[in-house]
Structures are given as structure tokens and as C-alpha cells.
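K.L.:
Here is how the chains run, residue by residue.
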Amino acid sequence: MDSIAGTKSSLTWALHISVALLVIAWIVPTLGLFVSSFRTADQISSSGWWAALFPTEQTIQLRTASPDNQTRAEGLYIIEGNLFEVGSMPSGRISAWGTSARDVSAHAPGDTVDMGDDGRLTLEADGTYRLENDEEFAGRRGERVFVTVAILPEFTLDNYYQVLGPNNREGMAKAFFNTLTVTIPATIIPILVAAFAAYALAWMDFPGRALLIAAIVGLLVVPLQLALIPLLRLHNEIGIGKGYIGTWLAHTGFGMPLAIYLLRNYMVGLPREIIENAKVDGATDFQIFMKIVLPLSFPALASFAIFQFLWTWNDLLVALVFLIDATGETTVMTRQIVELLGTRGGNWEILATAAFVSIAVPLIVFFAMQRYLVRGLLAGSVK
Amino acid sequence: MHQALQGIVTILLGVGGCLAYFYLSNQFLDRVLFPAKGPNAGRNINRANMIRPWLFLFPALFVLGLYLAYPVVETLRLSLTERGGEFVGLQNYQQMLDEPKFWEALRNNFLWLLIVPAASTAFGLLAAQLTDRIPWGNIAKSLIFMPMAISFVGAAVIWKLVYDVRPLGQEQIGILNAILLALGKDEPVTFLTLPFWNNFFLMIVLIWIQTGFAMVILSAALRGIPEETVEAAIVDGANPFQIFFKIKVPQIMGTIVVVWTTITIVVLKIFDIVYAMTNGQWETQVLANYMYDKLFRANDWGVGSAAAMVIMLLVTPILVWNVYNARKEMR
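Chains as they are written, first to last, in the UniProt record's numbering: chain A, 1 to 383; chain B, 1 to 331.
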């Protein structure tokens with residue numbers, strides 16, 4: 001296409017713009033959740049998350065310090081300070097201010113306003129003020145001041161502290177460890193088991209091999225929904241009931257066809273000479289596997305490991321059926337979030353933060369290991 | 001912290017156990033059962049080599065058989081029995097077919113099957129083609145691919161925020177309603193409770209997740225197209241659209257079918273998104289969620305198994321086709 005004279009520039013622009021639109025459409029939903037997890041409940045319910053990224057103009061009412069704080073100097077009574085220190089108000093740059101509710105933006109920053117008996121007030125853009133009077137200030141409260149401020153985007157880590165901190169009421173911290181307890185063994189054990197099987201199917205000669213491979217390809221698509229009832233019954237009968245062991249076994253079983261398929265496809269492609277030479281030198285299959293095939297298969301092992309990790313980490317159904325018992329001690333994060341959706345559907349600060357905690361780990365793995373993930377996808381789907 | 005410790009201990013036990021099994025079983029075979037020395041050394045080595053593949057395969061075959069093959073048979077049996085265990089023929093199926101919720105689930109599943117694979121593949125193809133020739137294509141690809149790593153539950157929360165709706169007059173915090181109102185719509189849309197159309201809003205979540213998958217595979221396929229065919233078309237004066245639809249797409253048709261099929265399998269099993277976002281209310285029921293309802297809410301194992309068998313039935317053509325292809329390739 002590059003070689004067609006004259007068409008390049010206009011098409012290139014259209015191309016860049018379409019890709020940009022596509023990318024924006026794809027990241028905006030996640031961005032919304034991410035931004036919301038750093039906002040307070042008030043902020044979330046009063047404005048859209050996209051507004052949080054930009055400064056907003058707001059008119060708020062503040063007060064000067066009370067007359068108790070006045071000092072005397074050069075025959076004047078003076079109160080000084082910063083307006084934003086008095087209340088626990090968000091700070092920002094003042095663009096206009098006023099002393100009367102009727103005209104809240106009468107004055108510019110730096111102006112001095114004579115308020116008659118109440119003295120003269122000077123207010124700077126950063127909120128520092130000086131109130132002076134010839135007579136002593138009386139009363140209990142400070143002067144009312146209306147300021148129009150550009151409030152800078154404000155973000156907080158409080159939500160994360162609430163969700164993961166020591167007093168997390170939602171049980172997310174525990175669910176996080178439960179998820180890890182499920183995920184790590186359920187990632188490593190199937191790899192090992194599948195690697196041996198894949199080696200046998202790729203490099204060992206025995207009757208029925210082709211049939212076995214066909215069966216595994218068939219099992220690739222068997223929906224795991226079928227396994228739920230029979231295996232729950234079985235788990236109950238043999239006494240492991242609902243718990244980690246059953247979950248690890250289930251994840252191992254459900255991940256196995258893809259693992260064997262991917263690893264076998266990869267191992268078949270290893271150079272025949274290496275394996276045959278090792279055999280001639282008297283190495284057993286076990287030694288060949290451990291010392292030659294396993295190290296050479298690292299890319300395929302890594303790509304399957306990522307799949308299995310993402311799948312077990314993100315799983316909900318297997319955990320619902322095989323793991324979570326009546327005590328709720330073994331709940332995982334996905335389940336915990338569904339629970340929050342039901343009970344605290346409106347509390348976006350908790351919901352967004354909890355969801356983000358649960359997707360953060362897979363996202364880190366994703367961005368760190370993307371290369372292997374892509375390789376695995378390609379090995380599994382395209383020849 | 002004892003949980004982390006527990007995890008570590010199990011990993012060590014599990015992995016160590018696996019390794020011990022493979023190592024010790026092979027040692028047993030070579031040293032005790034058929035030692036490669038003595039008068040029968042030659043015969044022993046041959047025998048050991050006949051048994052060894054099965055030692056390697058045993059754990060994998062065991063879990064495959066127990067967790068995937070056996071359940072197919074057992075679920076079929078359960079779908080034909082009553083809770084007590086007596087055979088009731090097709091009664092469970094009859095009961096299921098009489099329920100409007102089942103037909104709603106079936107209808108919705110077909111809608112999902114029609115739309116999600118098609119849309120994901122189309123968007124994936126579009127993204128693959130568009131990002132192919134621009135300098136920041138790889139970054140764009142990563143970002144479109146990213147939802148693949150997000151759980152269906154996480155995605156459900158993400159999109160619930162997108163679809164969020166506030167009464168008229170309040171500030172909208174869902175971006176979609178904010179945009180619609182800014183464009184001049186009179187009142188906010190309650191996306192998730194809008195009968196019939198809410199199905200599509202749930203599908204968007206899965207399309208959003210699967211497009212990256214389609215894009216990665218199709219983009220590799222596009223790269224694999226021989227340059228000469230494209231160059232020949234350019235010389236003949238084809239425009240970019242003709243090149244794409246008449247030269248490139250036909251050449252990667254095989255890959256498109258594979259992508260389509262893979263997403264179809266995902267769609268058939270779709271559960272989490274519906275469970276987390278609407279739980280099948282407001283006419284969004286799907287088969288997997290219907291089955292879950294029967295199993296764990298209504299506690300009706302017979303009808304639940306029957307629903308599982310319907311899912312199996314829908315997957316079977318793909319299963320047969322996969323096996324057929326695999327056997328063809330191996331020859």
C-alpha cells in the first residue's frame with residue numbers, strides 16, 4: 001500500500017485516527033475503574049470519574065479564624081492565616097471571592113475590601129488573608145468569605161487501606177491470600193504432569209498414541225459445567241469435600257487438555273538429533289526429559305503457565321462449586337467481589353478498589369509476560 | 001501470614017510429590033522390575049520401554065479421565081435419574097422444556113452465539129489490519145489485548161460503572177449515560193434492566209474481552225500472507241479495500257474459522273458475566289447460569305444435569321470437527 005503515490009497521506013491520517021479511537025474505546029472502561037478507586041465516596045457520587053482528571057471550578061464558603069486569634073500591632077487588631085486551614089476544605093487557587101452571598105465573586109485575588117465595622121480584608125490567590133481593624137474584633141466566629149476555587153484533582157489511597165488494611169471489613173485481604181493459595185499450586189502441578197505426558201505423546205512410541213492425542217483434542221472443548229455435579233458428589237464421598245485439595249485437582253484436570261496440547265505441539269518441533277544422540281549415549285527417557293526437553297521447552301512452559309495462572313486467578317465457577325464452604329473462610333476474590341456487587345452495589349469506592357486489587361496481579365503478569373502469552377496463543381490456535 | 005505459609009508448604013508437597021512419583025516410578029521400573037543387567041538384560045530393557053510411556057502418562061490420564069471424561073457419562077446418567085437415584089427416563093428433560101426460563105436461556109445463548117464470535121472476530125480483524133502498519137501498532141495492540149487478563153467478574157464491575165445510571169437531574173457517573181445526555185438524549189437509559197437489549201449490553205463485555213485474542217491470532221495470520229500476492233494486486237491497481245477483502249481475507253479464512261470456533265466455545269460456557277451483572281434477571285438468563293441456578297439454588301440435580309447435557313450437545317459438533325482436523329493433520 002505504501003507504494004501507491006498520492007494515497008498515502010490521507011489514508012495514513014484516517015488510519016492513525018481509527019486506531020486511536022479503537023484504543024480509547026478499549027481502555028476507557030478500565031481507566032474509569034482505576035480512577036474511581038482513588039476517589040472518595042463523595043467525589044464518586046457527585047461527579048463522573050472523567051471529571052476527576054481535570055481541575056473543577058467550585059464556589060465554597062469558608063471562614064476566617066475566630067476573633068480569639070487576633071493580635072495587636074501598630075495600633076491595629078489583626079487576624080492572619082490561610083482560609084483553607086480553617087475548615088478541612090480542599091485547597092486550590094482562588095480565582096474570585098466575595099464577602100456577601102449576593103455577589104460571591106465580586107473581588108479578585110489581592111484586593112482589599114473594606115467591610116465597615118468588620119474591618120478590612122485582603123485575600124491572596126493561595127488563600128492567605130489578612131484581616132485588620134481599628135477596634136477589637138468581637139463575637140465568636142470568623143468572617144464569612146465566599147471563594148471560587150479551581151480544585152485540583154484530588155486522589156487518595158484511603159480506599160485501598162480500607163479494602164486491604166488491617167480492619168478490612170470486606171475480607172479482601174483474606175480473599176487475596178486464598179486466591180494465591182488456589183492459584184500457585186494449581187499452576188505448577190498441571191505443568192509438571194502435562195509436561196511428562198506431552199513428552200510421552202511426542203517422543204515415545206507406544207500403541208494407541210494417535211488415539212490418545214485425538215481424545216485429548218476432543219476433551220479440549222468439553223464444558224467444565226458437566227464436571228460440577230459428579231465431581232462434587234465424588235469429593236464429598238471420598239471425604240475431601242469442599243476445600244483446596246479438590247480445587248487444585250479440578251483446576252489441574254480442567255487445564256490438562258490445553259497444557260498437553262500446547263506442550264506436545266512444542267516438543268514435537270524439537271530437533272530429533274538431540275534426543276536420539278542422548279539415547280545412543282545411554283540416557284534414559286527420564287534423564288532426557290529432565291535434562292534436555294524440559295529446559296528446551298521453557299517458552300512453551302512459560303506460556304502455558306501464564307494461561308493457567310490467569311485462568312485460575314480469574315476463576316469464579318470452580319471456586320463457587322468446589323471451594324467455598326458455609327464458613328466463608330475459603331472465599332476467593334472473584335466471589336468476594338460478586339458479593340460486594342450485591343450488598344454494596346452503590347458503594348463504588350469499595351467496589352472499584354476491590355475489583356482493581358483483584359485485576360492488578362493478572363495485569364502485572366500480562367504486561368510482564370505478554371510475549372509468552374502471545375506465543376502460547378499462536379501455538380495453540382494456528383499452525 | 002499462616003495462609004501464605006500453608007500455600008508454600010502445599011506447593012512444595014504437590015510439586016515434590018509429582019517429581020517423586022515420576023522419579024521413583026522410573027527407578028522402580030529400571031532397577032527392580034526390569035533391571036538392565038543379568039541374563040535377560042535385552043528383553044528387560046524392551047519391556048521397561050513398553051511400560052515407561054504409561055508411567056509418564058498416568059497422572060495426566062488419571063485427571064483427564066476423572067475430571068473430564070467420567071463427568072460426561074455421569075452427568076448423562078444423572079440427567080436421567082431422580083434425586084433418590086431411580087431411573088426416570090426423559091422426565092427431567094421434559095420438566096426443563098416446560099420452563100419458560102429454559103427457553104429464555106436457550107434463546108439468549110443463541111443470540112450470544114450469533115453476535116459475540118462474529119463481533120469479536122470482526123473487531124479483531126479490523127484491529128489487526130489497522131495496527132499492522134503504524135509505528136505505535138504494538139502499543140495499541142497491547143492495550144486492546146489487555147482485557148484478556150481481566151477476570152469476567154472484574155470486567156463485570158468495570159462495565160457496571162460504564163452502564164451506571166442516576167435519576168434525571170443528578171450528575172451521571174456512568175460514562176455512557178453522561179455521553180448520551182450530552183448528545184441531547186432526554187433521560188438516562190437503564191442499560192441492564194432494559195428487556196431484550198440488555199442482552200447486548202452484556203455481550204459487549206465479552207466482545208471487549210475477546211477482541212484482543214482474535215486480533216493477536218489474526219494479526220499473525222496477516223503477517224504470514226506472502227508479499228507477492230499483495231504486490232501483484234497493487235500492480236494490477238487494486239485499492240486498499242479490495243486488497244483487504246479480496247486478497248488478504250480469503251487467504252486467512254482458515255484462521256478466521258479457528259478464531260470464530262474458539263470464541264464460540266467460550267460463549268457456550270459463558271457464566272460469570274451474567275452471574276455477576278444481572279444473575280439472569282430481566283430476561284438475560286443463559287444456559288450455564290440456568291444450570292447453576294438449578295444445581296445450587298433449586299437443588300435440583302436432575303434438571304441441572306439435563307441443562308449441562310444441552311451445553312454438551314451444543315459443543316459436540318465443534319468437538320467432532322476438532323478431532324477430525326487433528327487426525328487429518330497427524331497423517
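Misleading hints may appear alongside valid ones.
[As the list claims (entries may be wrong)] Heads up, incomplete: computed chain A residues facing chain B, CB under 8 Å, no partners named:
(1) Ala227
(2) Trp248
(3) Thr252
(4) Val268
(5) Leu270
(6) Ile274
(7) Leu317
(8) Ile337
(9) Trp348
(10) Leu377
Note that these hints are calculated values from the structure, not bench results. The C-beta atom is built at its ideal place from N, Cα and C for all residues, glycine as well.
K.L.:
Which earlier hints turn out false for this structure, listed by number in ascending order?
P.N.:
4, 5 and 6
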